[in-house]
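Enquirer: Sequence:
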Amino acid sequence: MRKFNITVDGKAYEVEVEEVGGSVASAPISAPVAAAPVAAPAPVAAPVAAPKPVAAAPKPAVNIEGGTKINSPLPGQIIGLKVPNGSAVKKGQTVVVVEAMKMENDIASPADGIITFAVAQGENVAQNQVLAVIK
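If you read the sequence shown in our numbering, its first letter stands for residue 113, the second for the next number, and so on.
None of these hints come from the bench; they were simulated from the model. Positions of the beta carbon are idealized from the N, C-alpha and C atoms, including for glycine. Just so you know, not all the hints are guaranteed correct.
Computed spacing ranges between beta-carbons, pair by pair [claimed, not checked]:
no., residue 1, residue 2, range
1, Lys123, Ala212, 49 to 57 Å
2, Lys214, Ala238, 12 to 20 Å
3, Lys123, Glu216, 53 to 61 Å
4, Gly122, Leu186, 51 to 59 Å
5, Lys214, Asn183, 15 to 23 Å
6, Asn217, Gly178, 21 to 29 Å
7, Ile191, Gly225, 17 to 25 Å
8, Gly178, Ala212, 24 to 32 Å
9, Asn240, Gly198, 22 to 30 Å
10, Glu128, Asn236, 56 to 64 Å
All chains, please: the whole structure from these sequences, using the hints.
Expert: What follows is the structure in structure tokens.
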């Protein structure tokens, strides 16, 4: 058994350690050394209040009744609205780009008509969430 004096957070402890296994060359153990004085811990600054999140502008309500809905085929983030809101679109025209798993997915219009978006660029969407309505 070997005895050691250890100081942790300003408190002195005497511990015994048992040597296991082969022989180890070591220096002779001298008398215990007095613990060095420990400086008082620096005062901790008062926690800074986290800034309040800025409320996003409310999205306009989109009437999804009575039109052809474009749903997100997979969860992801809207990285592009390819046509302006309220513009005329043709069937098969790319209207939204959704990024999922580092891949860009073009979402095409399923019908001709006037498009009204229910999402904004940068918004995260769930699978089957309504992205836009075509009337």
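Enquirer: Indicate, hint by hint, whether the structure satisfies it.
Expert: Status of the hints after comparison with the structure:
Under the hint 49 to 57 Å, the C-beta atoms of Lys123 and Ala212, about 54 Å apart, fit the expected range. In this structure the hint that Lys214 and Ala238 lie 12 to 20 Å apart at CB holds, the actual value being about 18 Å. Against the hinted window of 53 to 61 Å, the Cβ-Cβ separation of Lys123 and Glu216 comes to about 59 Å, which satisfies the hint. In this structure the supplied range 51 to 59 Å holds for Gly122 paired with Leu186, their Cβ-Cβ distance being about 56 Å.
Distance hint check for Lys214 and Asn183: the Cβ-Cβ separation is about 22 Å, which falls inside the suggested range of 15 to 23 Å. Look at Asn217 against Gly178: about 27 Å separates their beta carbons, and that is inside 21 to 29 Å. In this structure, Ile191 and Gly225 meet the distance hint of 17 to 25 Å, their C-beta atoms being roughly 24 Å apart. Under the hint 24 to 32 Å, the C-beta atoms of Gly178 and Ala212, about 29 Å apart, fit the expected range.
A C-beta distance of roughly 24 Å is found between Asn240 and Gly198, which places it inside the suggested range of 22 to 30 Å. The supplied range of 56 to 64 Å is met by Glu128 and Asn236, whose beta-carbon atoms lie about 57 Å from each other.
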